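Could you build all of it, start to finish, from the sequences and the hints given here?
These are the residues of each chain, in order.
2 protein chains.
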Amino acid sequence: MNTIAKKQEGVDVSDSKGFVGGYLLYLLAAASDAASADFHARVRARGLKAPEWRILACLSDEDGQMVTQLAQLSLIEQSHLTKIVDQMAVKGLVKRRSDARDRRRVRVYLTDSGRLLGAELVEAARAHERSIVRQMRPGEAALLKEALKHIHALYRAGGGVPVALEETEETSR
Amino acid sequence: MNTIAKKQEGVDVSDSKGFVGGYLLYLLAAASDAASADFHARVRARGLKAPEWRILACLSDEDGQMVTQLAQLSLIEQSHLTKIVDQMAVKGLVKRRSDARDRRRVRVYLTDSGRLLGAELVEAARAHERSIVRQMRPGEAALLKEALKHIHALYRAGGGVPVALEETEETSR
DNA sequence: CGCAAGAATATGAATTCGCATGTTTCTGCC
DNA sequence: GGCAGAAACATGCGAATTCATATTCTTGCG
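Line order of the protein sequences matches chains R and F. Okay, so the first sequence: first residue is 1 according to our numbering, each after it adds one. Okay, so the second sequence: first residue is 1 according to our numbering, each after it adds one.
No wet-lab data here; the hints were simulated from the structure. Careful, some of the hints might be misleading.
Note that the list lumps identical chains together, so a pair holds whenever it fits in one copy or between two copies.
DSSO-like cross-link-like pairs, simulated, lysine-lysine; straight-line CA separation at most 27 Å [what the hints assert, rightly or not]:
1. LYS17 with LYS95
2. LYS83 with LYS49
3. LYS145 with LYS91
4. LYS49 with LYS91
5. LYS17 with LYS49
6. LYS95 with LYS149
7. LYS49 with LYS95
8. LYS145 with LYS95
None of the values given here were measured: they were computed from a predicted structure.
Quick look at the structure:
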């Protein structure tokens, strides 16, 4: 969903006895959506859509990445990223340049204004993150990040959690 | 992105010194995407799309929810949820019935086959979750879930983290 | 009662997204 | 050198998603 929060009462799931309220993947998605939607309001205020911000952030970290690389990093599908880069190029935030060594590759560079806006939003993102972390218990955020990296790592480069190790519905028979 | 993982080498972000690799919202999105994409493969194998699975799961927890409620819970925007329910109704997984007390409301109920498929997938989801948790340190998963609920709670019913408490870029001047 | 306001859904047009595929450019090997 | 095969992007198109708005029904109140 990931859009402007409607700020209603907000149904609380997590305290119920149902499955969903305690399901890891649900909690991940819910927390991610909620927190991101909040920041995306600020991104929109700057005239960007969420995916554009992600790209800007990734390029701020490392300028001149190739499209495929950038797509993986920014969690955007390749053909889609190509289209977003188009728009951003029109807006004057980035520019393409094909790699001299390997002309199949297209590298994406920030323009000056892209770099500026990126830096500004990264700073805002940092502040936003601090405002969240400040409301957690000391050390909780660090543990959280570690756990998230851990989960993410499980699926990188492996093609997912080894299926062989998974139980089947019949296992506990 | 949230689709079928391409099982490539997978660029590792988290070890880099950049901003993104340590940014909480990024880690949340990345972990959520990666883990969910894995399970969604199984959902697809059952002929469902990801959003349909979420709805099925929510209804399995509590049948007969109203559309708005269900939308919030399943993290799907309302008008979109309406359309998905349409399709699911065609597939014979759910059926609508307008609330007798308040005829503006439409309640969504599982059909028998919907309940069956839901139960099956919930079981698969539990197994999938176990396969993840098993690869974490003892207790890590519990801490993770608590932290996620915590974050989610920050944005429920409040209209987001109190902006007044947030720093501005100038604060640390 | 009769109405203004608001709540709950549905609908339609406009975007965004993702999959399949085409094109161009490398690479390894014969 | 010349080719088969893979890699990296771009494109086309259909499906998914969103935003704004219409519709239907309820509620509180003058």
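Evaluated hints:
1. Taking the shortest alpha-carbon separations for LYS17 and LYS95, only the inter-copy value of 24 Å comes in at or below 27 Å, while the best intra-copy value is 51 Å.
2. For the identical chains of this complex, LYS83 and LYS49 are neighbours both inside a copy (13 Å) and across copies (24 Å), given an alpha-carbon limit of 27 Å.
3. Taking the closest pair of Cα atoms, LYS145 and LYS91 never come within 27 Å of each other, the shortest separation being 34 Å inside a single copy and 40 Å across copies.
4. For the identical chains of this complex, LYS49 and LYS91 are intra-copy neighbours only, at 12 Å inside a copy versus 34 Å across copies, given an alpha-carbon limit of 27 Å.
5. Taking the closest pair of Cα atoms, LYS17 and LYS49 come within 27 Å of each other only across two copies (25 Å); inside a single copy the shortest separation is 37 Å, beyond that limit.
6. In this homomeric assembly, LYS95 and LYS149 never come within 27 Å of each other (Cα to Cα): the closest approach is 31 Å inside a single copy and 40 Å across copies.
7. In this assembly of identical chains, the alpha carbons of LYS49 and LYS95 lie at most 27 Å apart only when taken from the same copy (18 Å versus 36 Å across copies).
8. For the homomeric pair LYS145 and LYS95, neither the shortest alpha-carbon distance inside one copy (33 Å) nor that between copies (41 Å) is at most 27 Å.
Hints 3, 6 and 8 from the list above are not met by this structure, while the remaining hints are.
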